[in-house]
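If you're matching them up, the sequences are chains B and P in order. Mapping the first sequence onto our numbering, position 33 (from 1) lands on 76, and the numbers just tick up by one. Mapping the second sequence onto our numbering, position 130 (from 1) lands on 173, and the numbers just tick up by one.
Worth flagging that the hints you see were computed from the coordinates, not collected in a lab. C-beta: ideal position from N, C-alpha, C; glycine also. Keep in mind that a hint or two might mislead.
Partial selection, computed: residues in chain B whose CB lies under 8 Å from chain P [as the list claims (entries may be wrong)]:
| hint | residue |
| --- | --- |
| 1 | L54 |
| 2 | E135 |
| 3 | T137 |
| 4 | P138 |
| 5 | G197 |
| 6 | T200 |
| 7 | T204 |
| 8 | D219 |
| 9 | M221 |
| 10 | D224 |
| 11 | S225 |
Chain B is nowhere near these chain P residues, computed Cβ spacing over 12 Å in every case [as the list claims (entries may be wrong)]:
| hint | residue |
| --- | --- |
| 12 | L55 |
| 13 | A59 |
| 14 | R93 |
| 15 | E202 |
| 16 | G208 |
| 17 | E217 |
| 18 | L222 |
| 19 | L228 |
| 20 | G250 |
| 21 | D259 |
| 22 | D260 |
| 23 | V268 |
| 24 | G287 |
Number of protein chains: 2
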Amino acid sequence: MAEGKEVQVHLLPQLAAPGRLAGSVAVVIDVLRATTTIIHALAAGCSCVRPCAEVEEAKTLAGNMPAGKVILAGERGGKPLPGFDLGNSPREFTPKTCAGTTLVLTTTNGTRALLRAAEAERVLIAGFVNYSAVCEQLRHDPRPVHIVCAGTEGQATLEDTLLAGALVEFLCEELDVMLNDSARLAWDCFENHGRVLVGALEISHGGANLRRLGYDDDIKAAADVDKFALVPELRRNPLRVEVGSVGIVRHWQK
Amino acid sequence: MAEGKEVQVHLLPQLAAPGRLAGSVAVVIDVLRATTTIIHALAAGCSCVRPCAEVEEAKTLAGNMPAGKVILAGERGGKPLPGFDLGNSPREFTPKTCAGTTLVLTTTNGTRALLRAAEAERVLIAGFVNYSAVCEQLRHDPRPVHIVCAGTEGQATLEDTLLAGALVEFLCEELDVMLNDSARLAWDCFENHGRVLVGALEISHGGANLRRLGYDDDIKAAADVDKFALVPELRRNPLRVEVGSVGIVRHWQK
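Make a model of the complete structure from these sequences and hints.
Okay, structure coming up:
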């Protein structure tokens, strides 16, 4: 069999078999919009993000934190939740709102992907907005790479697969790799759609949802390649996302 | 929203939500090797194929048929089963063996995909070996199209996605269509790998398995585009696959 670093893509969290991520570095992708939003929030000054699977769990967690030090945010079906401070639009997360706060976040698909990926030894959070910074981390990490796409309601999505493919292409150019078939599919997707990024996000399942809800600008925000140089990383006890590393070498080639 | 004929790809049977296929024409794909084998067997003269999910079920069904009129065949993990007449290699199904017999077939992934697709109103069986004949049927069928890939052990595979993409490309050129994101991924896959079909099947997950087991020639057999002009179709009461239609206009363009 071929030798090289194992690079696997999972088009949905549930397609990664139990135990599969153990010992690896996992990359979580939910371009529209959870991982893009997490990156925006940390860049805007949130000290950490606490992902919650359920709405009630998020409310309880936020309710136990000091007022003024917490933002309760998230969505169901793309829409903001009643009684929450913010929705899941990356553009809502400004320095004025975020500085020094903990973000308690619950989303339909992204949170689930993040919690599934927690099985890995190291977990990074990726969007197009921090693409090159994630590439740098993966280049230097000796572990097998598992890229976990959130998808939408149990369906593989173009937008997440496209970013997975961009990461696969980078790794293939830098290293000897062994790909699974989904990594090849993702790479094909990036080859064909990478040069028309905004257009691809607009026609994607998630993009069409957002346009119907009036969030067209969130698509452009999600496609703003390398806007940020930080890589959010999962920390444990309690499970949370913080700025893991900062620094950038630009790798985007489309 | 865009208008047009709905064309959806499901990269694995379990990714088609329950009820999703109702009223549609479904196309089942397990290039390596169940659907390729079914096409070979019917072309070689089997009168019908009875798909069975379980080994014991297949044995019992075949045991209740007159000797000399039934072939018990299948695999687990790609290997022939003890006590079975044949494995799952398309090249085993010759006119001498097959003429006038019922084939009772149980395979790891393909049978499951076929049984899942039975929810659709009409179910066609596709391989590269009958690509253009399937295209012709889909072109004239007014129903929404759902292409169900078998995958391997719960993982999306390059070989099935590639054929799904070839069908998507044909339908996109012939008709106004609405694609789901997986159909776009499949199309991308075909765009990038369609011209190197045998090579793509060899590096695929299923292809690598077969090469390890010594079935290299089965890969070439599966890549023999338009060898046959027949389209197997699922019939009911009892559930079985028979020759549904015969006739070909060549559509392969790679």
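So, going through the hints one by one against the coordinates:
1. L54: holds, 6 Å
2. E135: violated, 26 Å
3. T137: Violated: closest Cβ of chain P sits about 31 Å from T137 of chain B, beyond 8 Å.
4. P138: With a minimum Cβ separation of about 34 Å from chain P (threshold 8 Å), the hint on P138 of chain B is violated.
5. G197: Hint holds; G197 of chain B Cβ to chain P Cβ min 7 Å, cut 8 Å.
6. T200: holds, 5 Å
7. T204: holds, 6 Å
8. D219: violated, 15 Å
9. M221: violated, 10 Å
10. D224: Where the cut-off is 8 Å and the nearest Cβ of chain P is about 4 Å from D224 of chain B, the hint holds.
11. S225: Hint holds; S225 of chain B Cβ to chain P Cβ min 5 Å, cut 8 Å.
12. L55: L55 of chain P not clear of chain B: closest Cβ-Cβ about 8 Å, inside 12 Å.
13. A59: violated, 10 Å
14. R93: With a cut-off of 12 Å, R93 of chain P remains clear of chain B, as the shortest Cβ separation is near 30 Å.
15. E202: violated, 8 Å
16. G208: violated, 9 Å
17. E217: holds, 20 Å
18. L222: Violated, because the least Cβ-Cβ distance between L222 of chain P and chain B comes to about 9 Å, which does not exceed 12 Å.
19. L228: violated, 5 Å
20. G250: violated, 10 Å
21. D259: D259 of chain P is indeed farther than 12 Å from all Cβ atoms of chain B, at 15 Å.
22. D260: D260 of chain P clear of chain B: closest Cβ-Cβ about 20 Å, beyond 12 Å.
23. V268: holds, 20 Å
24. G287: G287 of chain P is indeed farther than 12 Å from all Cβ atoms of chain B, at 29 Å.
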